[in-house]
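K.L.:
Spelled out, the chains give:
Number of protein chains: 2
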Amino acid sequence: MVIFKNEFVEIIKEESHIPWLKIFTAQRYKELTDCPDDLRQKLYLCMETVEKIMIEYYNPTKINIAMFGNYVPHVHIHVMARFEEDGFFPESMWGKKQKELNLSLPDESSFFEKLVKKLSEIF
Amino acid sequence: MVIFKNEFVEIIKEESHIPWLKIFTAQRYKELTDCPDDLRQKLYLCMETVEKIMIEYYNPTKINIAMFGNYVPHVHIHVMARFEEDGFFPESMWGKKQKELNLSLPDESSFFEKLVKKLSEIF
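These protein sequence lines are chains U and G, in that order. Here this note's numbering is used: position 82 in the first sequence is 82, and no number is missing along the way. Here this note's numbering is used: position 109 in the second sequence is 109, and no number is missing along the way.
Calculated from the structure, these hints are not laboratory results. Predicted model, so just to flag it, every value in this text is computed and none were measured. Beta carbons are placed, not taken as given, at the ideal position from N, Cα and C, and that holds for glycine. Hints may contain errors.
Stated by the list, open to error - Below, simulated DSSO-like cross-link-like pairs (lysine-lysine); rule was C-alpha separation at most 30 Å, straight line:
(1) Lys117/G with Lys22/U
(2) Lys117/G with Lys96/U
(3) Lys117/G with Lys62/U
(4) Lys42/G with Lys97/G
(5) Lys117/U with Lys52/G
(6) Lys117/G with Lys99/G
(7) Lys99/U with Lys22/U
(8) Lys99/G with Lys5/G
(9) Lys13/U with Lys118/G
(10) Lys99/U with Lys99/G
(11) Lys117/U with Lys99/G
(12) Lys97/G with Lys42/U
(13) Lys99/G with Lys30/G
(14) Lys114/U with Lys42/G
(15) Lys22/G with Lys118/G
(16) Lys62/G with Lys22/G
(17) Lys52/U with Lys117/G
(18) Lys96/G with Lys52/G
(19) Lys62/G with Lys13/G
(20) Lys99/U with Lys30/U
(21) Lys96/U with Lys30/U
(22) Lys118/G with Lys96/U
(23) Lys97/G with Lys117/U
(24) Lys97/U with Lys42/U
(25) Lys99/G with Lys30/U
(26) Lys99/G with Lys42/U
(27) Lys30/U with Lys117/G
(28) Lys52/G with Lys114/G
(29) Lys42/U with Lys99/U
(30) Lys5/G with Lys52/U
(31) Lys52/G with Lys22/U
(32) Lys22/G with Lys96/G
(33) Lys97/G with Lys97/U
(34) Lys52/U with Lys97/G
(35) Lys30/G with Lys22/U
(36) Lys22/U with Lys62/U
Unchecked claim - Listed next, with one range per pair, are the computed distances between beta-carbon atoms:
(37) Phe123/U with Lys114/G: 22 to 30 Å
(38) Asp34/U with His17/G: 24 to 32 Å
(39) Arg28/G with Asn102/U: 24 to 32 Å
(40) Lys96/G with Lys99/U: 39 to 47 Å
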């Protein structure tokens, strides 16, 4: 599901039991330092904005951020809100499942609204 | 092993069969957006410099970057040079081991020298 899109970036929801967004560059680059400086700054600003709104809205135990791209070498940033009660904490979301899910979160639609509002102010 | 240290950041080698560095802030912050803007810019610059020198020196298949801190909530950035021949590729280094190691890499001491030289020019 596309949450936000403009000429520079596209933000997509990852299907998960935790709040998890992926920020892609609109144009494809393999590595972060392959991006033009201006685009990379925009990516960082998106990443920081997603982190801030996630913290405000979900009050997570910790934010996790990752840029891999081993399967699809197209620069993208994963931003995840992690909770002690989530199935993988304290391991990464790519780690070993630790326990059954015991997580109750507020409705995501208001989170997306707040995020899109903030991003629309920035861009 | 500490590779580089100044008043803002500390870069530490992670023991691994791949080139893997961790960039810590000297002062402790929980989340990336808790860092003062100026420090966060320095962190990004370090991350980009490590990425660039890793690419130049090791010619990896892909750079992987991660910021978790679930065990120790102190902002730090993992930068890893990944290779098709490494034990976990294309999974993340926190994923399931895929195969036995079949990786031959150049000596790391020259890599550290190049990196420290570049960082000393920047800071």
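K.L.:
To test your reading of the hints: which numbers does this structure violate?
P.N.:
1, 2, 3, 4, 5, 6, 8, 9, 11, 12, 13, 17, 20, 22, 23, 24, 26, 29, 34, 37 and 40
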